[in-house]
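Enquirer: Below are the chains, spelled out letter by letter.
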Amino acid sequence: ETGVTQSPTHLIKTRGQQVTLRCSSQSGHNTVSWYQQALGQGPQFIFQYYREEENGRGNFPPRFSGLQFPNYSSELNVNALELDDSALYLCASSQTVNNEQFFGPGTRLTVL
Amino acid sequence: AQSVTQLDSHVSVSEGTPVLLRCNYSSSYSPSLFWYVQHPNKGLQLLLKYTSAATLVKGINGFEAEFKKSETSFHLTKPSAHMSDAAEYFCVVSDIEAKTSYDKVIFGPGTSLSVIP
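Protein chains in written order, with the working numbering: chain A, 59 to 170; chain B, 73 to 189.
Worth flagging that the hints you see were computed from the coordinates, not collected in a lab. For every residue, glycine included, the Cβ atom is placed at its ideal position computed from N, Cα and C. Worth double-checking, as some hints may not be accurate.
[Claimed, not checked] Short, incomplete list of chain A residues facing chain B, as computed with Cβ under 8 angstroms:
| no. | residue |
| --- | --- |
| 1 | S91 |
| 2 | Q99 |
| 3 | G100 |
| 4 | P101 |
| 5 | F103 |
| 6 | G114 |
| 7 | F118 |
| 8 | P119 |
| 9 | P120 |
| 10 | E158 |
| 11 | P163 |
[Claimed, not checked] Here are some, though not all, of the chain B residues that point toward chain A, as calculated from beta-carbon distances under 8 angstroms:
| no. | residue |
| --- | --- |
| 12 | G115 |
| 13 | I132 |
| 14 | F135 |
| 15 | V177 |
| 16 | G180 |
| 17 | P181 |
[Said to hold, decoys possible] Quick list of the computed label-pair ranges, beta carbon to beta carbon:
| no. | chain 1 | residue 1 | chain 2 | residue 2 | range |
| --- | --- | --- | --- | --- | --- |
| 18 | B | N113 | A | D142 | 18 to 24 angstroms |
| 19 | B | T89 | A | E112 | 45 to 51 angstroms |
| 20 | B | K141 | A | T72 | 32 to 38 angstroms |
| 21 | B | E138 | A | N135 | 26 to 32 angstroms |
| 22 | B | D80 | A | A96 | 39 to 45 angstroms |
Hey, can you work out the whole structure from these sequences and the hints?
Expert: Okay, here's the thing in structure tokens:
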């Protein structure tokens with residue numbers, strides 16, 4: 059059974075650019091959640107997707123958007139990048155809502 | 073509103089001595105509670121979870137935690153620390169958001185555990 063995978067591992071962007079991060083959920087999982095983990099802090103919930111629909115959102119601006127595809131993989135898009143967007147972005151999948159979440163290794167985004 | 077407080081940002085213990093990582097939470101409902109561990113440059117790994125069954129929860133690698141509703145606490149313990157336990161530990165509270173049924177997951181700020189040989 060393949061676990062949660064994320065790509066790319068690392069990414070460097072400049073302010074104002076746009077970025078797309080990708081997540082492949084674990085087999086059999088239909089729910090994906092995204093988190094932002096700034097250096098030295100705990101992960102912050104961005105949003106959750108369930109069966110291709112956004113199912114909940116944390117306190118992040120609209121320039122953070124996402125998609126979930128029919129195979130339940132997911133993308134996180136961030137527009138108009140700011141320096142404070144530099145963080146580790148974690149994806150977690152679960153069998154369904156309110157089930158245990160399994161985390162991927164994360165994508166380290168650096169905004170210069 | 074939910075919140076999680078991890079009372080110590082850093083804990084240092086000697087190898088072979090007990091570990092205590094403290095966590096207090098607030099929640100409007102009956103929450104699920106978790107402890108995750110994060111080793112450097114690795115993903116989050118679930119240590120244990122409480123989901124309204126037994127209040128003393130046993131996890132992997134000898135860790136356990138006790139849910140105390142009266143104290144709103146969910147402290148993590150281990151009888152004897154090992155060098156490989158050095159990592160960042162996160163206490164997590166999860167409720168189902170009533171209006172939309174999504175998992176409202178709140179992470180604590182983390183406790184960094186150092187193990188001295």
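Enquirer: A separate judgement is required for each hint: does it hold in the structure or not?
Expert: Hint check results:
With its C-beta approaching chain B no nearer than about 7 angstroms, S91(A) sits inside the 8 angstroms limit, and its interface hint holds. Look at Q99(A): its Cβ gets to within about 6 angstroms of chain B, closer than 8 angstroms, so that hint holds up. Nearest Cβ of chain B to the Cβ of G100(A): about 4 angstroms, under the 8 angstroms cut. The hint holds. About 5 angstroms separates the beta-carbon of P101(A) from the nearest beta-carbon of chain B, less than 8 angstroms, and the hint is met.
The closest approach between the C-beta of F103(A) and any C-beta of chain B is roughly 5 angstroms, which is under the 8 angstroms cut-off, so the hint is satisfied. Checking G114(A) against chain B by beta carbon gives a least distance of about 3 angstroms; that is within 8 angstroms, so the hint holds. Hint status for F118(A) relative to chain B: violated, with the closest Cβ pair at about 14 angstroms, above 8 angstroms. Evaluation of the P119(A) hint against chain B yields a violated restraint, the C-beta minimum of about 19 angstroms exceeding 8 angstroms.
For P120(A), the interface hint is violated, the least distance from its beta-carbon to any beta-carbon of chain B being 17 angstroms, above 8 angstroms. Annotation: E158(A) was flagged as interfacial toward chain B, and the flag holds, the nearest CB pair being 7 angstroms apart, inside 8 angstroms. Interface hint status for P163(A): upheld, as the beta-carbon distance to the closest one in chain B is roughly 4 angstroms, under 8 angstroms. Proximity of G115(B) to chain A holds as hinted, the smallest CB-CB distance being about 4 angstroms (cut-off 8 angstroms).
Nearest Cβ of chain A to the Cβ of I132(B): about 13 angstroms, over the 8 angstroms cut. The hint is violated. Checking F135(B) against chain A by beta carbon gives a least distance of about 16 angstroms; that is not within 8 angstroms, so the hint is violated. Because the closest C-beta pair between V177(B) and chain A is about 5 angstroms apart, less than 8 angstroms, the hint holds. The interface hint given for G180(B) is met, as the beta carbon of that residue sits about 6 angstroms from the closest beta carbon of chain A, less than 8 angstroms.
Hint status for P181(B): holds, given a least beta-carbon distance of 5 angstroms to chain A, under 8 angstroms. The hint said 18 to 24 angstroms for the Cβ distance between N113(B) and D142(A), and at roughly 22 angstroms that hint holds. Remark: the range hint 45 to 51 angstroms for T89(B) to E112(A) is upheld by a beta-carbon distance near 46 angstroms. Taking 32 to 38 angstroms as the suggested C-beta distance range, the pair K141(B) and T72(A) does not conform, at roughly 49 angstroms.
Between E138(B) and N135(A), the C-beta spacing of about 42 angstroms breaks the proposed range 26 to 32 angstroms. The hinted window of 39 to 45 angstroms between D80(B) and A96(A) is violated, with their beta carbons roughly 20 angstroms apart.
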